[in-house]
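Take a look at the letters that make up each chain.
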Amino acid sequence: MQRELTPLQRIATDFGESRLALAGLALLVLVVLAASFAPLISPQDPYDLAQLDVLDSRLPPGSTSVSGLTFWLGSDGQGRDILSGIFYGLRISLMVGAASTLCALVIGLAMGLAAAYFGGRTDGVIMRLVDIQLSFPSILIALVLLAVLGQGTGKTIFALVMVQWAYYARTVRATAIVERAKEYIEAARCLALSPARIVFRHLLPNCLPPLIVIATVQVAAAVALEATLSYLGIGVPITEPSLGLLIKNGFDYMLSGKYWISFFPGIALVLTIVSINLVADQLRDVLNPRLQK
Amino acid sequence: MVSFHPLAERILHMLVQRARFVLTSLIVSALSLAGAPGAAAAELRIGVAAEVTSIDPHFLNLAPNNNAAWHVFEALTHVDANARLVPGLALSWRPIDPTTWEFKLRKGVKFHDGSDFTAEDVVFSLERPARLAASPGPFTGFVKPIAAKKIVDPWTLQLKTAAPYAMLPYDLNSIFIVSKKAAAGAATEDFNSGKAAIGTGPYKLVRFARGERIELARNGAYWGGQNGKLAAWDKVTLRILPEDTARIAALLAGDVDVIENIPTADLTRLKANPNFRLEQKVSWRTLFLHLDQYRDHPPQLADKSGKPLARNPFKDARVRLALSKAVNRRAIVERVMEGNAIAAGNLVSPPVFGHVAALKPDAYDPEEAKKLLAQAGYPDGFALTLYAPNNRYVNDEQLAQALAQMLARIGIKTRVETMPASVYFGKARAGEFSLAMLGWGSFSGDLALRALLATPDAATGYGAWNWGRYSNPKVDALLERGFATLDEKKREAMAREAATLALKDTPVILLHHQLASWAMNKGIAYTARTDEYTFAHDFRPR
Amino acid sequence: MPAFIIRRLLQSVLVLGFMSLLVFVGVYAIGNPVDILINPQADQADIARAIAALGLDKPLWEQYLIFLRQALSGDLGKSFAYDIPAIQLILERMPATLELALTATAVAVLLGIPLGLWAGLAPDSWPAKLIMTGSILGFSLPTFWVGLMLIMLFAVEFGWLPSGGRGPTTALFGVQVSFLGWEGIRHLILPAVNLALFKLSLIIRLTRAGTREALLQDYVKFARAKGLSNARVVGVHVLKNIMIPIVTVIGLEFGSVIAFAIVTESIFAWPGMGKLIIDSINVLDRPVIVAYLLIIVSVFILINLAVDIVYSVLDPRVRLGAQAR
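For the protein sequence lines, the chains are A, B and C, in the order given. With our numbering, letter number 201 in the first sequence gets 201, and the count goes up by one each step, no holes. With our numbering, letter number 35 in the second sequence gets 328, and the count goes up by one each step, no holes. With our numbering, letter number 238 in the third sequence gets 1073, and the count goes up by one each step, no holes.
Just chain A, same shape as in the assembly:
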């Protein structure tokens, strides 16, 4: 019965061992599908103000709009269908979260590895840049971008990348600095391997485990930070609300009993982040060669 499994099959099998992770995966697929096909499955285009009617504002779940549309999850202060808003908002939030985390991760990884490997002056310059970046508030960056370039989702992503790369650079450097001092790197150097080879083949893989933990948490942090920027009025455009912005808009109604404006987008956000993390947790364990039984 012993059959050689391809690596992919092995990963799939190991992944499937956790029911929780499978549930997470199913949820994530659903979320991504909902986000990708938002225009097809949404009853309304929530970003087209011409389709909204303020007379439909703040209707409770299940109400019918002036034009005969049913708001299954209610409507917000602009008469925006919350369900459609969630589908579209997911798109923006996932894009903002994933794109900013990915860009920041790549930049931070490169900077952190370079700082740790080369040390000395390189380390000094990069790490002082990191110090500056860490202390520079995202709000100020976002405001400057808004004032100079105007509003837009791209600018929000840019602001988030600016804020986050330094975080990764510092954590990567921390692990890399330890790894660099270990014997195997010494050995690689003695073999006169090229720095690129040493960094990418030897240093990098050993820095990944803590980085993955931070990155998956930071996707959530990025989405939350985007919500905070929107909360302060300098995030994504108000007419194209992300999940965070939907929650923020509904937040004003939390004390007035109109729970649905904030509650349903909140649930959607929690489910999304939970699913990302369930999948990432299991993947990390599955992909880690040392954890193989």
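Quick caveat, the hints were computed from the structure, so don't treat them as lab data. Just so we're clear, the structure is a prediction, and the values are computed from it rather than from any experiment. The reader is advised that the hints may include incorrect statements.
Said to hold, decoys possible - List time: in silico SDA-like cross-link candidates among lysine to any residue, alpha-carbon distance up to 25 angstroms:
{"#": "1", "chain 1": "C", "residue 1": "K1056", "chain 2": "A", "residue 2": "E183"}
{"#": "2", "chain 1": "C", "residue 1": "K913", "chain 2": "B", "residue 2": "P535"}
{"#": "3", "chain 1": "B", "residue 1": "K664", "chain 2": "A", "residue 2": "E183"}
{"#": "4", "chain 1": "B", "residue 1": "K442", "chain 2": "B", "residue 2": "E395"}
{"#": "5", "chain 1": "B", "residue 1": "K564", "chain 2": "C", "residue 2": "E992"}
The hints should help you fit chains B and C onto chain A, whose structure is shown.
Relative to the frame of chain A, chains B and C by itself:
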């Protein structure tokens, strides 16, 4: 989905009802535990909505600072709950010749340190703003017209202006009177520490904890006491709670007795809560849209495919009227403002000097609007961008989106861009917007017209906020004559005439006047004010 | 080591200069405070005069040179909005923020590391699963949402804790602190919990991942084989080896809590520095923004310096400031 839905909804509804019941009963019991509001009659805790930066009443002319200052200091003239001028430290004032005003001061008024209030203090206070260090919002504009001051006797003061100037008593409402003895040579720090914060107001400053609270104690020797206007509370704390939810939570949790500036979203709920009362009044703040009427090719205006237009449509009064007719002000008042506004047909709200009752809001008529657009040569409409701040006015960004919906209904493709005030006002002043939201509070209709619709002229100071550069020489001339007319009745007639003349051209799209609201424990009453100030001395136990 | 520290501090001077220049250009690009703060009744001349009085009519390089000259003589300028020295304004809010930051970080570390270890040592047990799932909830909800829920529950519904603000303060070594009295602690609980939640989750997850990794390393297997007690293996060998990324993250999180606890401070009306910076950015109070960010960058430099030193304590093989050979 359809068969599943009603059940789901019923369950959800039930859950929500139950949660609501538990919540309200818990709140009620928490409140009864917190003690009856009446028991706290000796102390009043007010949650104020904005940070107070300084106690120096001549440093920064900002509503929150002035609001705090009015407890400790007073001005020669006061403003009543309807934003009308009434006597303050000055008992009366009259012009004795076209360029001289004589002020009779109130006798027997004492400063908090027991010294007498005299004309010396007034002269000192009038001169102080110009002597202060740099301020981003100085008071100097209010004393600028005064060319000479003459103390006739300790309770009579004559002020000379270069030209006849009717607004002097109004301007002097903004200059707080400090004690010459206490404030001579004093810096901001001395006011903040309380050393120089010696006024004649109903409360004495006890402690200014920047960013946190201001503690006040009743001034037992207040002159208003003779008229039965002695403050009702021995001790007052103004707690700084700028975050809306924090302010409301503080009221609900019984941590404060009164809060100002209630978000519209919470008003309905508070109204229904038997433990609290609301006081409301139409505010002096009017919201409207400025439209670019001076450039041939204003930014952002284009046809629907993005090609530039041959000419500026806003220069055509029919287009401006069409935009105004497209606005469903009832929907804005009922939906966006949740009933806490009134539709505007004037630049100033009903109680304010110079309001013209005959000017009604433009009626909502999208069909007529479309016709007007077609007549003006835009049967298919055009495209524009509406700009608005997102942290300045009540529901400003919600309002902008609702307006965009309404403009879309008459075929005008509208994009909305909102930004914080810090970015917004600089750009607006630099002329980067062709359609922009502005809110305005003014003592009088003619002052509002002068700033908003008079032909911009740096030399005369007219039209400083006329972003759209509407220009009507007849309006300018009327305003000029009005400001030189010392008779209040005649001046008001001229202000009304000027407003009627200007608004006939739809120079701005008027939206609504805000309502100002206060929420308080049920045992307290407040005389709500059009100028939106929250005065501890106007709260009384019921 | 001393040479390393001196070199680091010299670099910091350059960082401060660079930072101030960045902020100057940034704030200049956004706008100017007079447009926001001036009284609506002011006319064009009043506005121009106010701008000139603040020196904002000069070209940017000249404004910066004036700032540099004053800064070198130890004066970072007066706040436009408060009319008191920017440094004084910041320092008087610092104790409130430090108090909150230290409490939140302590909660996160003292709970996070043990819970993370537990979850890592027995990954398949149900408490471990509970901890891990719970930790996801800790960072998947926006801070402002959680903050409001905490207030609604504990302040409004149950009335156990105050809805916001800081408790009465007493002087401790000349610093005004509030955590010495019960009333002060009552005020501290909700905002600290609100702030700690995200950090707690992050530390739990990092510790767990590190622990699982470490348990499979040769040295741990070797230590076990030598017959060392489980407590000693975990307490010394495992913990020491997983601490470097955790210490790094604690440093980063501590710094950002000091600098930007804006949302929590706003919702709980906590009179700290985060509220000051957001207010100052809102009115473009440049002297405060510059001074604030100079202080914050110094804080980060110090924290990161301390963290770097901790690396070499935790792992002697790490040599600070070493050049690549």
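Holds or violated: are the alpha carbons of C:K913 and B:P535 at most 25 angstroms from each other? holds (23 angstroms)
Does C:K1056 pair with A:E183 here, judged by a C-alpha cut-off of 25 angstroms? Holds - the C-alpha atoms of A:E183 and C:K1056 are around 19 angstroms apart, at most 25 angstroms.
Going straight from one Cα to the other, do B:K564 and C:E992 come out at no more than 25 angstroms? holds (19 angstroms)
Decide if the proposed pair is consistent with the structure: B:K664 and A:E183, CA atoms, cutoff 25 angstroms inclusive. violated (83 angstroms)
Given the hinted pair B:K442 and B:E395, is their Cα-Cα distance within 25 angstroms? holds (10 angstroms)
Consistency with the previously given hints fails for number 3 only.
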